Amino acid sequence: MLRQFAKPTLACALLLPWAWLAYAIYLETQQTGSGLGADPVEGLLHYLGEWGMIVLLCAFSVTPLSRRLSWPWLIRSRRMVGLFAFALVAVHAAVFAVFYAQLKWQILLQEVTERPYITLGMASLVILSLLALTSTRNWQRRLGSTWKRLHRWVYLAVPLALLHLLWLRKDGYEDLVVYTLWATVLGAERLYAWRVQQARAVITSS
Amino acid sequence: MLIRKPDRILGSEITPETVYYNRRQFMAASSAGLASLALPTIAKAGLQEDDEITPEEIVTQYNNFYEFGTDKSDPAAYAHEMTTDPWSVTVSGEANKTGTFAFEDIIKGLDVEERVYRFRCVEAWSMVVPWMGIPLKDVLAQFEPTGNAKFVEFETLYRPSEMRGQQGFFSSIDWPYIEGLRMDEATHPLTLMVTGLYGKELPNQNGAPWRLMVPWKYGFKSIKSIVSIRFTEREPLNTWKQLQASEYGFYANVNPAVSHPRWSQASERRLPSSLFNVNRRPTLPFNGYADEVAHLYAGMDLRKYY
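Protein chains in written order, with the working numbering: chain A, 10 to 215; chain B, -3 to 302.
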């Protein structure tokens, strides 16, 4: 049961942030400020950034969860969750390029080079784009063992995204504390799993 | 014992609300712009021809008042928990008349004026607001500051039981909020102690019962819900400068040429702004008040004293 319905259920859940956004934009077309707040451009940017962070952490959670719960089939949903995270982050960056940099590459370049938090966010986006691009089965086959190494770059993309948020925040770090703890637990689980695997390798080889 | 307090002067008693709406229509209709308005010069100084008054619901529901939370909607949601009556203000430092005064007694007998000012936040959004208030110089004069008073420092109420943002464990702000002005800035005719907006009493989320309004500076200088006025010889350390001196200075004059590390200050989003019309406009030096205030900073390197 769980096994069969996991992926469609997850997909529905992951569509919720988009459904809410569509509704908010509909409200905006009716009356400015009614869906995304008095500064809708800022509201849109932050909404996408916040959910991008959350869904990225969800994607980062799939492997440890499948390991801890002994649900190997959960891995089959990992790419989908990752792509949902990428979509949010990519649109987040697009909103910045359109509404803030006003689609002028000079402004965009200046923002990326002058503001460290944008530099970090952009670096995270570049990594996630590469991962999204090479997420297909075809690329997986083509890259062979390199694929796994490439996709370990998510270990950099997550902290970069956290730093991006930390750096731009003026005060009020509640959500950031939750995200950081979440990412740390996941990182620790991976480290632990790796150590166990190493120990096993030593035992079997001796 | 029952002490009867004098009624607070409501902004609406001084200027009927209809006057605003008439003027608003006038502003929208007038092709000659604001120069033709029959308002005292000071009330329209700095306003540009295409400036339109921001809707009241935006001004009262989109606020930065971290004492109630960091979200822009937090102040409107939680500021009603703050008691503003009774309200006392402590006056101290380099002045002849110091002590603790009832708010009503301080403003009693002072004329409340109406001023339409441009308001520019350091976060690159802006508004145009019809404030009601008393020129700060008239407020300060009654305390008779001495020759040693070079600066004036203000403090916001610190009352965590009524200001939930001050209870926050994950906040790095050292409450109470502090701001300050140089004496010549404080006594400039544009500098206003605000007690109302849109012809009404000042809502809590906008800094009731009174807040500062310095139209040529970024919004964070215009401290809200003031309980302390201190005349000092030395430059006060304002809260944001204390928190991040590389980003926030003491002067904080609106300046499109000096970029904030987090935001470009070259342009601003004028509210109301929408996804379909961002309403972006270039930011003006001193927020459009250069003619009135630039002389205060003659000879100063404004890149250094940001």
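Keep in mind the hints are simulated off the structure, nothing from the lab.
Do not take every clue at face value.
Unchecked claim - Some chain A residues flagged as far from chain B (calculated, every beta-carbon gap over 12 Å):
no.	residue
1	PHE14
2	LYS16
3	THR18
4	CYS21
5	ARG77
6	SER79
7	ALA141
8	LEU159
9	VAL163
10	GLY196
11	GLN207
12	ILE212
To be verified - Taking beta-carbon pairs under 8 Å as the criterion, some of the chain A residues facing chain B (in silico):
no.	residue
13	GLU37
14	GLY42
15	SER43
16	GLY46
17	ALA47
18	ASP48
19	PRO49
20	LEU53
21	PHE108
22	GLU120
23	ARG124
24	VAL186
Just so we're clear, the structure is a prediction, and the values are computed from it rather than from any experiment.
Idealized CB from N, CA, C, for every residue including glycine.
Each hint tested on the structure:
1. PHE14: The assertion about PHE14 (chain A) holds, with a minimum of 36 Å to chain B.
2. LYS16: Non-interface label stands for LYS16 (chain A): nearest chain B Cβ at 33 Å, farther than 12 Å.
3. THR18: holds, 31 Å
4. CYS21: holds, 26 Å
5. ARG77: holds, 28 Å
6. SER79: holds, 36 Å
7. ALA141: Given a closest Cβ separation of 26 Å, the condition holds.
8. LEU159: About 32 Å separates LEU159 (chain A) from the closest Cβ of chain B, which puts it past 12 Å; holds.
9. VAL163: Check passes; 26 Å lies beyond 12 Å.
10. GLY196: At about 21 Å from chain B, GLY196 (chain A) clears the 12 Å cut-off, so the statement holds.
11. GLN207: holds, 37 Å
12. ILE212: It holds; ILE212 (chain A) is separated from chain B by about 44 Å at its closest Cβ, greater than 12 Å.
13. GLU37: Holds. Min distance 5 Å.
14. GLY42: holds, 6 Å
15. SER43: violated, 10 Å
16. GLY46: Hint holds; GLY46 (chain A) Cβ to chain B Cβ min 7 Å, cut 8 Å.
17. ALA47: This hint holds: ALA47 (chain A) lies near chain B, its Cβ roughly 4 Å from the closest one there, short of 8 Å.
18. ASP48: Since chain B brings a Cβ to about 5 Å from ASP48 (chain A), closer than 8 Å, the hint holds.
19. PRO49: holds, 5 Å
20. LEU53: Where the cut-off is 8 Å and the nearest Cβ of chain B is about 7 Å from LEU53 (chain A), the hint holds.
21. PHE108: OK, holds: PHE108 (chain A) within 8 Å of chain B, min 6 Å.
22. GLU120: Cβ of GLU120 (chain A) sits 7 Å from chain B, so the hint holds.
23. ARG124: Constraint on ARG124 (chain A) satisfied, holds at 7 Å.
24. VAL186: The hint holds - VAL186 (chain A) has a Cβ within 8 Å of chain B, the shortest such distance being about 6 Å.
This entry does not satisfy hint 15, going by the numbered hints stated previously; all others are met.
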